[in-house]
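Student: Those protein sequence lines, which keep their order, are chains A and B.
Just so we're aligned, residue 1 is where the first sequence starts under my numbering, counting upward by one.
Just so we're aligned, residue 1 is where the second sequence starts under my numbering, counting upward by one.
Any given hint could turn out to be false.
[As the list claims (entries may be wrong)] Here are the simulated distance ranges between beta carbons: (1) A:Thr82 - B:Ser180: 32 to 40 Å; (2) A:Ser7 - B:Ala73: 52 to 60 Å; (3) A:Arg67 - B:Glu57: 27 to 35 Å; (4) A:Arg69 - B:Gly220: 20 to 28 Å; (5) A:Lys83 - B:Arg257: 55 to 63 Å; (6) B:Val228 - A:Ser60: 18 to 26 Å; (7) B:Arg59 - A:Asp14: 41 to 49 Å; (8) A:Ser7 - B:Glu235: 22 to 30 Å; (9) A:Ser60 - B:Arg114: 24 to 32 Å; (10) B:Thr176 - A:Gly22: 23 to 31 Å; (11) A:Lys80 - B:Leu190: 36 to 44 Å; (12) A:Arg69 - B:Pro93: 16 to 24 Å; (13) A:Thr81 - B:Ile157: 51 to 59 Å; (14) A:Lys80 - B:Ile157: 51 to 59 Å.
[As the list claims (entries may be wrong)] Dumping the calculated EDC-like pairs for lysine to aspartate or glutamate here, alpha-carbon to alpha-carbon at most 16 Å: (15) A:Lys80 - B:Asp62; (16) A:Lys83 - B:Asp62; (17) A:Lys80 - B:Glu69; (18) A:Lys83 - B:Asp68; (19) A:Lys80 - B:Asp113.
[To be verified] Chain B regions said to be covered by chain A (calculated; three or more residues, Cβ under 8 Å): (20) 175-185; (21) 219-226; (22) 231-245.
Because the hints were derived from the structure by calculation, they are not lab data.
Glycine residues also receive a C-beta, built at the ideal position from the N, C-alpha and C atoms.
This is what each chain is made of:
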Amino acid sequence: MSSLQVSSCRQVVDLVTEYLEGGLPPDERPAFERHVAICPPCRGYLSQMRRVQQVAGRLSEEDVPERLRASLLEAFRDWKTTKR
Amino acid sequence: MGQASSPTDATAARSAIFPHAEVDPHAEVDPRILAALQCEGVAGRARAVHPEHVELESRLIDALRRGDEQAFASVVDRFTPTMLRLARVYGVPAEAAEDVVQETWLRVLRSLDRFESRSSFRTWLFAIFANCARSRAGADRRSVTVSTLDEAAGSGIDESRFFSPQHPRWAGMWTTLVDSWETVPDERLLADEARAHLRIAVEALPARYAAVFVLRDVEGWSADEVCVLLDLSQENQRVLLHRARTRLRAALEEYVRSQFT
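Let the sequences and hints guide you as you build the complete structure.
Tutor: See the structure below:
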């Protein structure tokens, strides 16, 4: 089987992370891009995978549970006192 | 299925069964689409560390050493949620996760004077966290590998969306349309509700998938950093990331469809 063929959409779906990670071998990358360029559903799929990453990048704004936070700050004050 | 008698028939037949009939392996590739893809492909990789970041980090360490409480609060706020999310991957029971986090920060404070900027603060912090988590989880801790159990969880892909590999003509092609999200406005996809939906889906992932996904895509760690922290090979790291993203895409697709169609 030639490695230069990315002939099915199912293959694109399997390779998409390797592609986005820059991990596709140099001879497979053009075949992947060629398939995606002529295949609207695969382009849609690729756009969805990119947007998943984009939404994920906005998940980091989470709060620390209040009690834990308060107790950590108290530990910090103790540490500061004993340090001096 | 018999062969179509002429190219015109083939096209007609194809349009009927296969909604995106433009897929033709011999079609001309639009050079603009190809160029755009090639640019984006690289942009999709891990976010790089800015040089100012290194400078900021050394100021942060100085502030912590001086006993600046605001600096401490800021790193606690920044990194604690990730630790809480990661604890389960080391086999720490949910009810012990906060203890492990507390222990981590105490050790950080005690070791602060010995911190040398050979590694980043984050790498150092999470190495301490990993030690705390592992010792808490004890002897029955699991190593982070792609196990047979993960295999049993399946690829996360709905195979019914593809023609079977035996299909005489459309083997492995999509049976349905896939919406492009390029045009879904940010304010909709990044709205609180969409993020809440994704967050729930992350919680539902197997621990290892969630750990790799959170570090890579939520926190922006590099693949190398994740491999070191979770003791993974590059290959396994990518497999876990792929499976996580595949599942989360499906979850988000379900949400987008229910909202915007």
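Student: Against each hint, give a clear statement of whether it holds in the structure.
Tutor: Checked hints:
1. A:Thr82 - B:Ser180: 32 to 40 Å: Roughly 59 Å apart at Cβ, these two residues miss the hinted range, so it is violated.
2. A:Ser7 - B:Ala73: 52 to 60 Å: 55 Å, holds
3. A:Arg67 - B:Glu57: 27 to 35 Å: 29 Å, holds
4. A:Arg69 - B:Gly220: 20 to 28 Å: Holds - the Cβ-Cβ distance for A:Arg69 and B:Gly220, about 23 Å, lies within 20 to 28 Å.
5. A:Lys83 - B:Arg257: 55 to 63 Å: 56 Å, holds
6. B:Val228 - A:Ser60: 18 to 26 Å: 20 Å, holds
7. B:Arg59 - A:Asp14: 41 to 49 Å: Check passed, 45 Å falls within 41 to 49 Å.
8. A:Ser7 - B:Glu235: 22 to 30 Å: Holds, since A:Ser7 and B:Glu235 (Cβ atoms, about 24 Å apart) stay within the stated range.
9. A:Ser60 - B:Arg114: 24 to 32 Å: 28 Å, holds
10. B:Thr176 - A:Gly22: 23 to 31 Å: Holds, at about 29 Å.
11. A:Lys80 - B:Leu190: 36 to 44 Å: Hint holds: Cβ distance 39 Å, inside 36 to 44 Å.
12. A:Arg69 - B:Pro93: 16 to 24 Å: 21 Å, holds
13. A:Thr81 - B:Ile157: 51 to 59 Å: Taking Cβ atoms as reference, A:Thr81 and B:Ile157 lie about 56 Å apart, which means the hint holds.
14. A:Lys80 - B:Ile157: 51 to 59 Å: Holds: the Cβ-Cβ distance is about 53 Å, inside 51 to 59 Å.
15. A:Lys80 - B:Asp62: 14 Å, holds
16. A:Lys83 - B:Asp62: At roughly 15 Å apart (the allowed maximum being 16 Å), B:Asp62 and A:Lys83 satisfy the hint.
17. A:Lys80 - B:Glu69: The hint holds at about 9 Å.
18. A:Lys83 - B:Asp68: This hinted pair holds, its Cα atoms lying about 13 Å apart.
19. A:Lys80 - B:Asp113: 13 Å, holds
20. 175-185: holds (count 8)
21. 219-226: Coverage by chain A holds for the stretch 219-226 of chain B (3 residues, Cβ < 8 Å).
22. 231-245: holds (count 4)
Against the hints set out earlier in the document, a violation occurs for number 1 only.
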